[in-house]
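**Q** The residues making up each chain are set out below.
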Amino acid sequence: MRLEILNKGYALTTKMLFGIIRLVSGYPLPDAARLVFYRPDFYGLPMKRFTHRAMRGPSSWSVGDRELMAAYISRLNACTFCVKAHSAVSANAYKDRFKVDKVLADPETAPIAPPLRAMLALLGKLTTTHTVGTEDIRTLLAAGVTPPQVEDALAVCFAFNITNRLADAFGFFVPAPDAFDAGARYLLRRGYG
Amino acid sequence: MKPQKEIPGYRQLYRDLIDRILNGKGHSPQAERRAAFDHSGLPQPLQHLLDKVVHYAYKVTDDDVERVKQSGVSEDQVFELVICAAAGQASRQYESGLAALEAARKEGGPHAS
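As they're listed, the protein sequences go chains A and B.
Just so we're aligned, residue 1 is where the first sequence starts under our numbering, counting upward by one.
Just so we're aligned, residue 1 is where the second sequence starts under our numbering, counting upward by one.
Since the hints were derived computationally from the structure, they do not count as laboratory data.
Note that the structure is a prediction, hence the values are computed from the model and not measured.
For every residue, glycine included, the Cβ atom is placed at its ideal position computed from N, Cα and C.
Hints may be right or wrong, so weigh each one.
[As the list claims (entries may be wrong)] Residues from chain A that face chain B, not an exhaustive set, calculated with beta carbons under 10 Å:
hint	residue
1	Ile-21
2	Ser-25
3	Ala-54
4	Leu-122
5	Leu-126
6	Glu-135
7	Glu-151
8	Phe-160
9	Thr-163
10	Ala-167
11	Phe-173
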């Protein structure tokens, strides 16, 4: 990463933990996971709590849906690390890589239900123009999305509009696909907490 | 009835995060963190880096970060101010979405239950 503190500035016990994870999993801890261990009381802990609630907390969107939203937002922000990471989690959760690839290519023609399609369109507008209006929400509700679902998806959008920016500003290393698959299995088992 | 473990809502977790990065203990003055969050009025070359973080973070280069460090901003300060800038932009989006949702709910109608 671009800051040496994020490469080497961790507490000794944290460095030992990184070593154990590398030994057990066969992969170095991804930079997204390392970042939240740096001065965790400043950013890592409160961010992990929010992200875990948004991605794994109670919601009528499935885990695959929420990970798909994360991947789609990441694509609009052109964040290579996060697109690869969260498309892998979504594909694993759905057990359907084809669907995820189709959504990332064009959600308008992808094989997904109308409410999810409408939700992705709103998240896309919010991510690229930074604002939405009442009319946008009316369209969404008319497509069958419920207000709690809107709130759940806005939380995913908030979390990933931060994470995407940090991934690219700090320069997360983008590993090979097998590392993202291993990371996806971990995130499905354990979440973000 | 068995008491259920309370699940914290987004609003509380969101406020905790924003409060921590803006007002908690840090290496940069709170006024600078607030300016980074609001995306207003920071000196160059820091402002140039944070403009990119806010608008197109994928364009940030090694040189952008290096120039900020050369100008006397410590790595811990860069860490904090980049986080504040990213969270500020995400927060403006989030607040816009929540306000629009709230307005649509108030209008009522068959879908806004």
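**Q** Look at each hint and say if it fits the structure.
**A** Here is how each hint holds up against the structure:
1. Ile-21: violated, 22 Å
2. Ser-25: violated, 26 Å
3. Ala-54: A/Ala-54 check passes; min Cβ-Cβ to chain B is 7 Å, inside 10 Å.
4. Leu-122: holds, 8 Å
5. Leu-126: This interface hint holds because 5 Å falls under the 10 Å limit.
6. Glu-135: Since the shortest Cβ distance to chain B is 8 Å, the answer is holds.
7. Glu-151: holds, 7 Å
8. Phe-160: holds, 8 Å
9. Thr-163: holds, 8 Å
10. Ala-167: holds, 8 Å
11. Phe-173: violated, 13 Å
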